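*Asks:* Protein chains in written order, with the numbering used here: chain Z, 1 to 897; chain H, 1 to 114.
For the record, the hints were derived by calculation from the structure and aren't laboratory data. Here the structure is a predicted model, which is why all the values come from computation and not from measurement. Among the hints, erroneous ones may be present.
Calculated Cβ distances over 10 Å to all of chain H for the following chain Z residues [said to hold, decoys possible]:
| no. | residue |
| --- | --- |
| 1 | E26 |
| 2 | M34 |
| 3 | Q62 |
| 4 | A66 |
| 5 | V67 |
| 6 | D69 |
| 7 | R309 |
| 8 | A595 |
| 9 | F679 |
| 10 | I873 |
Facing chain Z, a subset of chain H residues (Cβ under 8 Å, in silico) [claimed, not checked]:
| no. | residue |
| --- | --- |
| 11 | G10 |
| 12 | A76 |
| 13 | S80 |
| 14 | W96 |
Backbone N, C-alpha and C fix where the C-beta goes; we use that ideal spot for every residue, glycine too.
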Amino acid sequence: MRLLRGALARIVGMFDRDRAEADLREEFESHVEMETAENIRRGMEAGEARRQAMLAAGGLAQAAEAVRDRRGLPAIERLVADLGYVLRTLARNRGFTAVVVVTLALGMGANTAIFSVVRGVLLRPLPHQEGDRLVYLRHSTDLPGGANVNFSVPEIRELREGVPSLGGIAEFSTWSMIHHAEEGATRVSVALVTGNYFEVMGLAALHGRVTRPSDDGRGADPVMVLAHDFWMSRFGGDPGIVGERVRLDGRWAEVIGVLQPAPFFPNRVEGLLNMVNSDHHLSASMVEDRTHRMTEVVARLAPGATVERARAEVEAVHARLRESHPEAYEPAARFGVAVIPFREAMGERARMTLWLLMAAAAFVFVIAAANVTNLTLMRGVRREHELVIRAALGAGARRLRRLLLIENLALTLIGAALGVALASGGVGLLAVFAARFTTRADEIRLDGAVLGFTLALAVTLALLLSFAARLPGEDRLATRMAAGVRRMTGGRRGQRLQRGLVVVQVAVSVVLLAGAGLLTRTMIGLANVDTGLVAEEVLTMQVPLLAPEDLLLRPETDGAAKETYERMRAEIAALPGVTAVGLGSTMPLRRSDIAFEVALESRPPAMGEVVPRAEFRTAGPEFFRAAGIPLLQGREFTSADRRDSGFVVIANQELVDRYFPGEDPIGKRIAWTGDVLRFTPFSGDWRTIVGVVGNTRDGGPDADLRPVLYLPFAQELAIAGGLVIRTEGDAAALVPAATRIVRDLAPTTPIENVMTVTQYRARTLAPQRVNAGLLSSFGILALIIVAVGIAGVLAFSVSARTNEIGIRMSLGADPGRVRRMILREGGSLLALGLLLGLGGALLGARLISGLLFGVPPTDTVTFLGVAALMVAIGLGACWVPAHRASRIDPGVTLRAQ
Amino acid sequence: MTRKHDVTPGTLALMILTTLDVLGPLHGYGIARRIEETSGNRLALNYGTLYPALVKLEQEGSIAAEWRQSENNRRAKYYSMTPAGRKQLAREKREWLETADLIAAFLAPGREAS
Chain Z
1 MRLLRGALAR IVGMFDRDRA EADLREEFES HVEMETAENI RRGMEAGEAR RQAMLAAGGL
61 AQAAEAVRDR RGLPAIERLV ADLGYVLRTL ARNRGFTAVV VVTLALGMGA NTAIFSVVRG
121 VLLRPLPHQE GDRLVYLRHS TDLPGGANVN FSVPEIRELR EGVPSLGGIA EFSTWSMIHH
181 AEEGATRVSV ALVTGNYFEV MGLAALHGRV TRPSDDGRGA DPVMVLAHDF WMSRFGGDPG
241 IVGERVRLDG RWAEVIGVLQ PAPFFPNRVE GLLNMVNSDH HLSASMVEDR THRMTEVVAR
301 LAPGATVERA RAEVEAVHAR LRESHPEAYE PAARFGVAVI PFREAMGERA RMTLWLLMAA
361 AAFVFVIAAA NVTNLTLMRG VRREHELVIR AALGAGARRL RRLLLIENLA LTLIGAALGV
421 ALASGGVGLL AVFAARFTTR ADEIRLDGAV LGFTLALAVT LALLLSFAAR LPGEDRLATR
481 MAAGVRRMTG GRRGQRLQRG LVVVQVAVSV VLLAGAGLLT RTMIGLANVD TGLVAEEVLT
541 MQVPLLAPED LLLRPETDGA AKETYERMRA EIAALPGVTA VGLGSTMPLR RSDIAFEVAL
601 ESRPPAMGEV VPRAEFRTAG PEFFRAAGIP LLQGREFTSA DRRDSGFVVI ANQELVDRYF
661 PGEDPIGKRI AWTGDVLRFT PFSGDWRTIV GVVGNTRDGG PDADLRPVLY LPFAQELAIA
721 GGLVIRTEGD AAALVPAATR IVRDLAPTTP IENVMTVTQY RARTLAPQRV NAGLLSSFGI
781 LALIIVAVGI AGVLAFSVSA RTNEIGIRMS LGADPGRVRR MILREGGSLL ALGLLLGLGG
841 ALLGARLISG LLFGVPPTDT VTFLGVAALM VAIGLGACWV PAHRASRIDP GVTLRAQ
Chain H
1 MTRKHDVTPG TLALMILTTL DVLGPLHGYG IARRIEETSG NRLALNYGTL YPALVKLEQE
61 GSIAAEWRQS ENNRRAKYYS MTPAGRKQLA REKREWLETA DLIAAFLAPG REAS
């Protein structure tokens with residue numbers, strides 16, 4: 001209490017200087033007077049009495065200083081004074097301050113923005129309670145498309161019994177349903193989850209409740225837990241929705257609660273349902289069949305258990321399964337289960353890109369910091385005189401160092417503040433970009449940790465800057481004073497440091513530029529990949545009249561749907577400008593998730609060989625013509641290929657290449673086969689190949705080609721209901737007219753993915769484009785900073801050597817020779833930096849080879865281009881000071897001596 | 001001439017408080033005089049020591065200051081005890097006596113602290 005009061009009084013004291021000072025003076029005066037009076041009383045002569053009184057009291061000035069220190073907070077007051085001084089000098093050196101602050105703002109802004117993404121997506125703890133104890137189980141095979149084959153319910157049952165390290169195992173499968181509301185029908189992504197899902201995940205309801213084990217099983221009522229985002233966007237965040245009923249596909253489900261905000265995996269979902277919402281999920285095959293793998297698994301580690309132990313136990317169970325059920329685990333496919341910490345699984349797709357961007361941002365910072373160091377070093381040399389005088393006037397080395405530190409802190413903190421302002425503008429855009437890789441994009445923001453990171457950068461840099469500079473030490477003070485003249489070169493050590501920094505800058509920029517170059521070439525390569533379509537100006541839309549449930553369990557609804565589709569097709573085909581309209585399950589360049597094993601009549605499967613597979617798609621008459629997929633052999637489907645005519649198929653070239661190498665496929669027979677077929681509405685009848693169409697790059701330009709079988713739209717169930725519309729003119733202009741027709745014919749069905757193929761393609765390329773764009777802008781930023789850096793250091797060197805150059809010229813050196821001398825000085829730094837940089841870039845390129853497409857990590861064009869660019873910019877930057885040096889007038893400089 | 005001692009840190013506050021307790025409100029000069037006299041002129045007090053200590057005590061609320069006329073009609077700043085100061089004095093006095101007793105016991109073996 002007493003201490004607190006004292007401290008408070010001192011803080012107040014800081015602002016009450018003048019009154020306190022007058023008070024003190026008066027008090028001292030009265031003290032001296034009293035003592036003088038006393039001395040006179042003792043018999044001294046008046047003048048002597050006063051003199052003695054003042055002597056006895058001790059130095060007045062020192063006493064006043066002691067009281068002053070006691071009265072306020074001297075440390076803070078000195079700081080304020082120093083800060084004032086620093087801000088005044090910085091304001092005077094406006095050019096220097098501006099360059100440093102802007103350089104730092106760019107460097108720190110880039111780092112702050114990218115770090116906010118890294119933190120939000122990869123580092124921030126999950127909102128799930130004890131989220132670090134969650135693991136994701138991934139069941140995979142070596143077959144194409146086997147990266148994640150999911151689990152069957154019987155497999156999960158075995159895991160539950162055989163893995164004590166997993167305290168809770170929850171099942172979920174993502175599914176899509178049509179949400180019917182008064183405003184219209186929309187497709188919603190949902191997850192069907194077991195009752196223990198929320199408990200295992202460590203998630204709680206914001207309103208209402210979450211599901212519990214009693215919601216499992218056939219007898220439970222269908223219930224839905226809303227995801228926070230969906231609740232906000234669709235129901236305006238109204239808690240009153242809890243207890244209401246919503247219609248999903250054909251069924252009513254009660255909304256029992258709203259989930260706390262949490263990222264979902266692997267994709268965003270709008271709601272979480274108990275299994276009874278899907279007949280399919282409760283069907284005997286789903287529950288009993290070992291190979292009916294549709295379920296994903298998250299689990300919580302039991303108390304004390306480790307991921308390693310869980311991994312070993314899971315592997316043991318899986319090995320046992322492989323042995324006891326050989327028919328379900330084809331050895332050639334090499335089934336395996338990975339146990340992955342949940343947070344890692346969530347960041348998997350984003351990790352490489354994000355660390356790449358973080359590294360690029362760090363490089364920009366290194367370059368910026370090197371530049372700022374050079375600038376302050378040069379400034380330090382120019383103000384050495386000032387520092388010497390300050391030291392002579394009694395400022396100790398510590399006080400000078402403090403002054404430097406305050407100055408550098410002021411610079412870096414202003415830079416950091418501006419950087420954060422820049423970053424806050426970019427974070428929103430980056431979050432949109434990140435949403436393509438992760439469901440955690442919502443968690444990207446400039447939070448305390450991000451700001452702390454930026455602050456740490458600023459403080460560290462300020463410390464480095466303050467200790468890189470040399471101070472006039474006390475030992476050298478006399479010599480410096482005696483020298484008296486202004487020295488402009490700094491020490492040998494200072495120059496070496498500056499040159500070293502230039503070399504580092506050049507090297508780092510080369511690495512950055514090489515990365516940017518490789519990614520840009522990747523992006524261009526991807527954009528130029530032949531999609532296989534003859535023309536892309538095609539409008540596509542999807543109108544799923546039948547829900548997945550209808551397709552699986554109510555095939556009788558198919559007939560009416562087909563009639564509606566045919567009417568849509570005919571009416572759209574009648575629109576002016578439309579040249580072809582095709583119906584089909586899968587839009588051009590999309591990948592179908594439906595793929596099965598196939599049997600070839602001409603070649604029975606050999607033992608141990610990987611069973612051939614193909615994607616399942618349907619296509620109506622005119623589909624290929626409308627989509628722009630070229631027919632290579634045979635015929636297209638016609639309206640004669642109906643349910644009651646013979647089963648026919650059209651294969652893509654890839655299927656022919658793989659399964660009929662060197663043969664004529666037309667007339668050959670092929671059939672769907674495999675265990676899984678039993679769970680589908682598709683038949684394993686033999687089908688005759690009547691045509692071959694060209695390959696298309698489905699699922700992105702870097703995707704592998706896959707064998708595809710197209711079946712007549714009329715012969716199979718009307719899956720997905722896609723319309724491909726080709727026009728003479730602008731396809732996008734047709735959107736209103738086409739949607740109106742569809743809306744009239746199917747008022748309650750959502751109309752999805754209305755876009756032209758060109759638009760779709762631009763969307764698939766967007767991540768690479770943003771990657772390349774970000775890295776390129778970092779590279780350009782680095783180039784600008786480096787150019788300024790090289791020019792600055794050389795200009796400084798020239799001005800330091802003005803006398804020397806003057807002497808050389810008066811001795812006969814011509815301007816060209818002087819220019820070459822300076823260019824050589826800069827060129828050697830440039831060459832060294834270039835060499836180091838190219839070496840580093842080769843190493844770096846290997847690290848990012850996973851992000852490259854169509855260019856080798858050692859791409860000569862990129863590396864030569866980067867080297868040429870760097871040399872051009874670097875020599876350009878050298879030219880200015882070299883030119884200035886050649887214009888030095890020897891007469892003027894020598895007279896100035 | 002006796003050797004003059006500097007004031008041990010921490011003891012000055014106690015001396016000032018005792019002086020004010022015994023003599024009532026007093027100015028800085030009077031306090032210095034009194035302390036020097038009490039110490040038998042063995043302590044030397046100058047401004048640089050005394051006044052910061054007074055400021056500190058005032059900031060902490062143990063003493064209060066006020067400008068007044070002195071006995072011989074001079075303006076002087078008088079310091080006086082506050083209730084908080086009285087409490088502090090009592091406490092510090094007790095602590096000092098205990099410490100002194102303890103140290104004495106250490107320095108004079110055979111005698112135990114009372």
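*Asks:* Hint by hint, say whether it matches the structure.
*Replies:* Status of the hints after comparison with the structure:
1. The Cβ of Z/E26 does not lie farther than 10 Å from every Cβ of chain H; its closest approach is about 8 Å, which violates its non-interface assignment.
2. Distance check on Z/M34: its Cβ comes as close as 4 Å (rounded) to a Cβ of chain H, failing to clear the 10 Å threshold; non-interface status is violated.
3. The Cβ of Z/Q62 sits about 5 Å from the closest Cβ of chain H, inside the 10 Å cut-off, so the non-interface label is violated.
4. At roughly 5 Å, the least C-beta separation between Z/A66 and chain H is not larger than 10 Å, which violates its mark as non-interface.
5. The claim that Z/V67 is not at the interface with chain H is violated, since a C-beta of that chain comes within 10 Å of its own (minimum 5 Å).
6. A beta-carbon of chain H comes within 10 Å of the beta-carbon of Z/D69; the shortest separation is about 7 Å.
7. Chain H leaves Z/R309 outside its interface by the beta-carbon criterion, the shortest separation being 60 Å against a cut-off of 10 Å.
8. Distance to chain H confirms Z/A595 as a non-interface residue, since its nearest Cβ pair spans about 83 Å, more than 10 Å.
9. Residue-level check passed: Z/F679 sits 84 Å from the nearest beta carbon of chain H, beyond 10 Å.
10. Every Cβ of chain H is farther than 10 Å from the Cβ of Z/I873; the closest lies at roughly 62 Å, confirming the non-interface assignment.
11. Restraint check, H/G10 versus chain Z: the minimum CB separation of about 14 Å is more than 8 Å; hint violated.
12. Look at H/A76: its Cβ gets to within about 5 Å of chain Z, closer than 8 Å, so that hint holds up.
13. The restraint placing H/S80 at the interface with chain Z is violated, with a minimum CB-CB distance near 15 Å, outside the 8 Å limit.
14. The interface hint given for H/W96 is violated, since its Cβ lies 17 Å from the closest Cβ of chain Z, which is over the 8 Å cut-off.
This entry does not satisfy hints 1, 2, 3, 4, 5, 6, 11, 13, 14, going by the numbered hints stated previously.
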